[in-house]
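A.B. asks: Below are the chains, spelled out letter by letter.
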Amino acid sequence: MELIWEIAVSAFLVLAGIFALVGAWGLVKLPSPMTRLHAPTKATTLGVGGVLIASMIWSIGSHGVLSFHELLITLFLFLTAPITANFIAKANLHRAAPPEDLPTLPEGQLWAHQSPGTDTSEAAFEDKETHRGG
Amino acid sequence: MRRKLIPHPHLSLLLLVVWVMLQNRVTPGSVAMGLVLGLVIPVMTAPYWPDRPSLRGWGRMIAYALLVMGDIVRANVIVAGIVLFKRNADLRPAWVAVPLDLTSAEAITTLAGTVTMTPGTVSADLSADGRTLLVHCLHAPDPQSVIDEIKDRYERRLMEIFE
Amino acid sequence: MIDLALDFAYVCFGLGLAFTAWRVVRAPGIVDRILALDTMVINAIGLLILLGISEDTGVYFEAAILIAMVGFVSTVAFAKFVLRGDVIE
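Chains as they are written, first to last, in full-length UniProt numbering: chain A, 1 to 134; chain B, 1 to 163; chain C, 1 to 89.
The reader is advised that the hints may include incorrect statements.
Stated by the list, open to error - Derived contacts from chain A toward chain C, CB cut-off under 10 Å, selection only: (1) A16; (2) G17; (3) I18; (4) A20; (5) G23; (6) T44; (7) L52; (8) G64.
Keep in mind that the hints were calculated from the coordinates and are not lab data. Ideal placement from N, C-alpha and C gives every residue a C-beta, glycine not left out.
Use the sequences and the hints to build the structure in full.
C.D. replies: Have a look at this one:
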């Protein structure tokens, strides 16, 4: 019994370390700003998630106490990672990406970051919201 | 009356759970404090969220969350493989426009978050009219298959939950 | 065995921190710098939790949660600054 949870904790720690390292290495290795966004947002999230799971198993195994506030950090990271990724992608679009690379939209529509005066998708939902409210 | 006292039942439940998790112990005290927070905060912040999103089916939501978690693990293995074993010259990054059938803001936010966390794709922007999602793929030799996968795997399920 | 795995994870997260620090110093553009800082925060959270496991205490969790929150807000503020040239409009 002792051995099983030790193996589980060690396995999660090793896996987490590998993923965290790969995420950081991708940041150095990948060629363009947009591709560099892929590695850290995914790999590092699972890296930290793995350490947190290891920590949960550790506290059950060594103290017999179920410790679940680790889940809170995991949840928080999984919720915030897409948002930061979206913000960084948007900053990239504003500064670096040439607009001719982007797929074109039908009916002369623009992407939100290209149209003047709109910051995020808020503008697209504005009339719907007022419609619903009224 | 009930609507006024508990404007957002899901938010109240979430606040209770988060508070108990922060305390790291399920004691009568922490549950009571969590209940107080879960009742007071939604009422105080109700003006910021005038509408209540319509959610249907706890079973479907849990099934979706499990599916996404499995896909996150799969995504990590795939991205790690690409980072470690693919030469930069062989990478085929691509921009993809995904036409959306979802209309509510909450549903599109969930879809964009899911797309970011799953294999090789990051959602970057929305079209100005909110009908198309701009997605960046790390390695997509066949962009159409990416669109089909997003629409079939995630959007269809979100349709059932939100609309 | 856990000690060995812990050492391995320490080395991995430390190296990851070094890579991101390299990217912060030598970034091709300002956006890469933000991304590197964000990854650095996540690696720091990992290191803190590892410390919590190896010293067998729970006191580092509050620090980890705080760093996660401050890191998220600062990344968003930084990206917003790059986008609009201003943080609060």
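A.B. asks: Next step is simple, just say for each hint if it's right about the structure.
C.D. replies: Hints, one by one, checked against the model:
no.	hint	result
1	A16	holds, 6 Å
2	G17	holds, 3 Å
3	I18	holds, 6 Å
4	A20	holds, 5 Å
5	G23	holds, 7 Å
6	T44	holds, 4 Å
7	L52	holds, 6 Å
8	G64	violated, 14 Å
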